[in-house]
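There are 2 protein chains.
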Amino acid sequence: MRVGVLGTGGVGQTLAGKIASLGHEVMMGTRDTKAALARNEAGYGAMVLADWLAENPEVKLGPFADSAAHGEIVVNATAGAASLAALELAGAENLEGKILIDVSNPLDFSQGFPPSLFVSNTDSLGEQIQRAFPGAKVVKTLNTMNMELMVYPTSLAGGDHHVFVSGNDAGAKAEVTRILKEWFGWREVIDLGDITSSRGAEMSVPLWLRLVGSLGTFMINFKIVR
Amino acid sequence: MRVGVLGTGGVGQTLAGKIASLGHEVMMGTRDTKAALARNEAGYGAMVLADWLAENPEVKLGPFADSAAHGEIVVNATAGAASLAALELAGAENLEGKILIDVSNPLDFSQGFPPSLFVSNTDSLGEQIQRAFPGAKVVKTLNTMNMELMVYPTSLAGGDHHVFVSGNDAGAKAEVTRILKEWFGWREVIDLGDITSSRGAEMSVPLWLRLVGSLGTFMINFKIVR
Chain A
1 MRVGVLGTGG VGQTLAGKIA SLGHEVMMGT RDTKAALARN EAGYGAMVLA
51 DWLAENPEVK LGPFADSAAH GEIVVNATAG AASLAALELA GAENLEGKIL
101 IDVSNPLDFS QGFPPSLFVS NTDSLGEQIQ RAFPGAKVVK TLNTMNMELM
151 VYPTSLAGGD HHVFVSGNDA GAKAEVTRIL KEWFGWREVI DLGDITSSRG
201 AEMSVPLWLR LVGSLGTFMI NFKIVR
Chain B
1 MRVGVLGTGG VGQTLAGKIA SLGHEVMMGT RDTKAALARN EAGYGAMVLA
51 DWLAENPEVK LGPFADSAAH GEIVVNATAG AASLAALELA GAENLEGKIL
101 IDVSNPLDFS QGFPPSLFVS NTDSLGEQIQ RAFPGAKVVK TLNTMNMELM
151 VYPTSLAGGD HHVFVSGNDA GAKAEVTRIL KEWFGWREVI DLGDITSSRG
201 AEMSVPLWLR LVGSLGTFMI NFKIVR
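Top line first, the protein sequences correspond to chains A and B.
Heads up: the first sequence begins at 1 in our numbering, then just goes up one per residue.
Heads up: the second sequence begins at 1 in our numbering, then just goes up one per residue.
Just so you know, the hints here were simulated from the structure itself, not pulled from any lab data.
Do not take every clue at face value.
Same chains, same names: a pair is fine if it fits in one copy or spans any two.
With a cut-off of at most 30 Å between alpha-carbon atoms, the simulated DSS-like pairs for lysine-lysine come out as follows [stated by the list, open to error]:
{"no.": "1", "residue 1": "K223", "residue 2": "K60"}
{"no.": "2", "residue 1": "K223", "residue 2": "K34"}
{"no.": "3", "residue 1": "K181", "residue 2": "K34"}
{"no.": "4", "residue 1": "K98", "residue 2": "K18"}
{"no.": "5", "residue 1": "K18", "residue 2": "K223"}
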């Protein structure tokens, strides 16, 4: 499958690398490819992009619009605060009718750590994205855990924990559920409901952040016991 | 131990009944005892109060202030929207120096179901209560699950799931942790941090509500896998 992964940070690298390793054709998207390749610093959990691409030569890099046009499925792995602008550059026409997997979180670091959320409670970033791109089938998922666990869930407790999906299109959620299980190895995917249930998934992040601080590890996840 | 349980709804009844069954002297607190006893309707998960008291004769009923004065430990089991007013009636002098176990959630039902939160993200009800009653040692706990599970955690998966505590006073959190384990049977209590970590615990409730809707049962809880 052709997959566009918007974002070249740690989450984008992790997702693009894993998906490409399965034999899919991945193009990462960024705002300015020349500037991205010239950067010699990397954010949290990321490698310097040029070094990462050298180690992952099967992954292509292009502007957001080319990445989105390339993908039969598009993944939003940009920072939450930049997601709507990145998707504007990706272009509604390149997202039309496609599944848009949104893994971003609306983190607001303006008051330091732990971050608050710049949208929450009566709205969510998942909903904002769906409203801005009504032709895309937005599925919110994978935003409730560390990037390593997103694609290697079995590295923790044999995968005995959960990932959620939220979205308005049942077929899109079924396809994303299949991808989560078959590509990444998730054992159980819980459907939270329509895209408004992104609120719940995004609002769980502050608890996750406190747990990370309290337990001293990013390698944690929620299991819904019932 | 003498325990004051503020609130006579389902949560108050569940906590008061369980604590009294262990031999502790419990006084429930309400705004107007005569009106409360005259009520012949009951809220979610509750019995008509007069009937419940007839079945639990060891539990006393009094005004909020008497209940708080009675308790060596006080439990806030009122509805979140009424908690600050109830605690005002309980009286700062009756809470001074005491552990105040806060199990409430800032639920806002004004837009229907599922509710949103009337405070969240950069503040929490736990913090509001601690600020309003600086002499009390507020410990936020038990707000992340159904009332039955609060006091009967082993009724789900043998208790293999988690409860959190948030608060500024380490000694108070240690005592509440002891109570959760020895009185109710919790196997593991996770300390999230100071009272600002109430934000995380309270903001997880929207996810819990979606899970309840999606899974069709209230008998669920979070396990933090690590």
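- request: Have a look at K18 and K223 and pick one of within, between, both or neither, based on CA distance no larger than 30 Å.
  value: both (23 Å within a copy, 27 Å between copies)
- request: Please work out whether the CA atoms of K98 and K18 approach to 30 Å or closer within one copy, between two copies, in both situations, or in neither?
  value: Answer is within; shortest intra-copy Cα gap is 21 Å, inter-copy 53 Å.
- prompt: Can you tell me if K223 and K60 fall within 30 Å by alpha carbon in one copy, between copies, both or neither?
  reply: neither (35 Å within a copy, 39 Å between copies)
query: Taking 30 Å as the upper bound on the Cα-Cα distance, should K223 and K34 be classified as within, between, both, or neither?
result: Neither: 42 Å inside a copy, 45 Å across copies.
message: For K181 and K34, with the copy left unspecified, which applies at a CA distance of at most 30 Å: within, between, both, or neither?
response: neither (35 Å within a copy, 58 Å between copies)
When the structure is compared with the earlier hints, violations turn up for hints 1, 2 and 3 and for no others.
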